[in-house]
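Undergrad: Could you slot chain B onto chain A? The hints should help.
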Amino acid sequence: DTAVSQTPKYLVTQMGNDKSIKCEQNLGHDTMYWYKQDSKKFLKIMFSYNNKELIINETVPNRFSPKSPDKAHLNLHINSLELGDSAVYFCASSQLSGTNTDTQYFGPGTRLTVL
Amino acid sequence: GNSVTQMEGPVTLSEEAFLTINCTYTATGYPSLFWYVQYPGEGLQLLLKATKADDKGSNKGFEATYRKETTSFHLEKGSVQVSDSAVYFCALMENYGQNFVFGPGTRLSVLP
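Chains A and B supply the protein sequences, listed in that same order. At position 13 of the first sequence the residue is numbered 13 (this note's numbering), and the sequence of numbers has no breaks. At position 9 of the second sequence the residue is numbered 9 (this note's numbering), and the sequence of numbers has no breaks.
Derived from the structure by calculation, the hints contain no laboratory data. As the structure is a prediction and not an experimental result, all values here were calculated from the model. Backbone N, C-alpha and C define an ideal beta-carbon position, used for all residues, glycine too. Any given hint could turn out to be false.
What the hints assert, rightly or not - Here are the computed distance ranges between Cβ atoms for each label pair:
1) B/S83 with A/G84: 45 to 53 Å
2) A/N57 with B/L46: 23 to 31 Å
3) B/K68 with A/R63: 38 to 46 Å
4) B/G9 with A/T7: 28 to 36 Å
5) B/E76 with A/K44: 22 to 30 Å
6) A/N57 with B/D54: 30 to 38 Å
7) B/S79 with A/N79: 44 to 52 Å
Unchecked claim - A short, non-exhaustive set of chain B residues, derived as facing chain A with CB atoms under 8 Å:
8) E42
9) G43
10) M93
11) F100
12) G105
One chain only, chain A, in its complex shape (with noise of 0.2 Å):
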């Protein structure tokens, strides 16, 4: 039983196209995040969701767009794709729960490549 999954694993396309990305989480957790990868394993948090609602949004591009249909599945959107958004996505979840402790439990990834 995988408890963050994401899809696809591999995603190859071309500049300009639209794409998405899926992640769905079966730990009850009401928290999910997306973070990129670059190229030299540094990790940058994107967006986090809490209960449909959007608590963080970092300096990313608007051609991004988390959409969260329930609290078990957050999806990520991209729009006119550049060639810099090649990377790895990671999808995360975590439970809030009012402490300092929350640990995050990532998804596998996905590697995008805009050619």
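TA: Then chain B, alone, in the frame of chain A:
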């Protein structure tokens, strides 16, 4: 703002060598501290964590102690194995998960 600094890699060791990966942080409050590990081609997995000063996190032979006075959370292992080859990320979290910051990662290669 909050930040996490790690020693630059890559770190290359022989099997059974002692490992230290340094991590220091800057935070406005009292964060929880984490080490995550990323094996080749996989996502990040929690390795260990500590939630308050002087706590020691440990797992799979790895240890790290939360040092508030030096704002550090160095990762150590007494005897590394080839299977420990991975990228290790130090991270902090405060404000009830609304502020989760990762360090740049340190790549470890263990040679047989």
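Undergrad: Would you mind marking each hint as holding or not holding in the structure?
TA: Outcome of the hint check:
At about 34 Å, the beta-carbon gap between B/S83 and A/G84 misses the expected band of 45 to 53 Å. The supplied range of 23 to 31 Å is met by A/N57 and B/L46, whose beta-carbon atoms lie about 25 Å from each other. A hinted range of 38 to 46 Å holds for the C-beta pair B/K68 and A/R63, which are about 41 Å apart. Range check, B/G9 to A/T7: about 31 Å between beta-carbon atoms, so the 28 to 36 Å window is met.
Restraint check, B/E76 to A/K44: a C-beta distance of roughly 27 Å satisfies the suggested window 22 to 30 Å. Between A/N57 and B/D54 the Cβ separation comes to about 35 Å, which falls inside the hinted range of 30 to 38 Å. At roughly 50 Å, the beta-carbon separation of B/S79 and A/N79 lies within the given 44 to 52 Å, and the hint holds. Annotation: B/E42 was flagged as interfacial toward chain A, and the flag holds, the nearest CB pair being 6 Å apart, inside 8 Å.
Because the smallest distance between the Cβ of B/G43 and any Cβ of chain A comes to about 4 Å, under 8 Å, the interface hint for this residue holds. Look at B/M93: its Cβ gets to within about 7 Å of chain A, closer than 8 Å, so that hint holds up. Interface restraint check: B/F100 against chain A, minimum CB-CB distance 6 Å, threshold 8 Å, status holds. Look at B/G105: its Cβ gets to within about 4 Å of chain A, closer than 8 Å, so that hint holds up.
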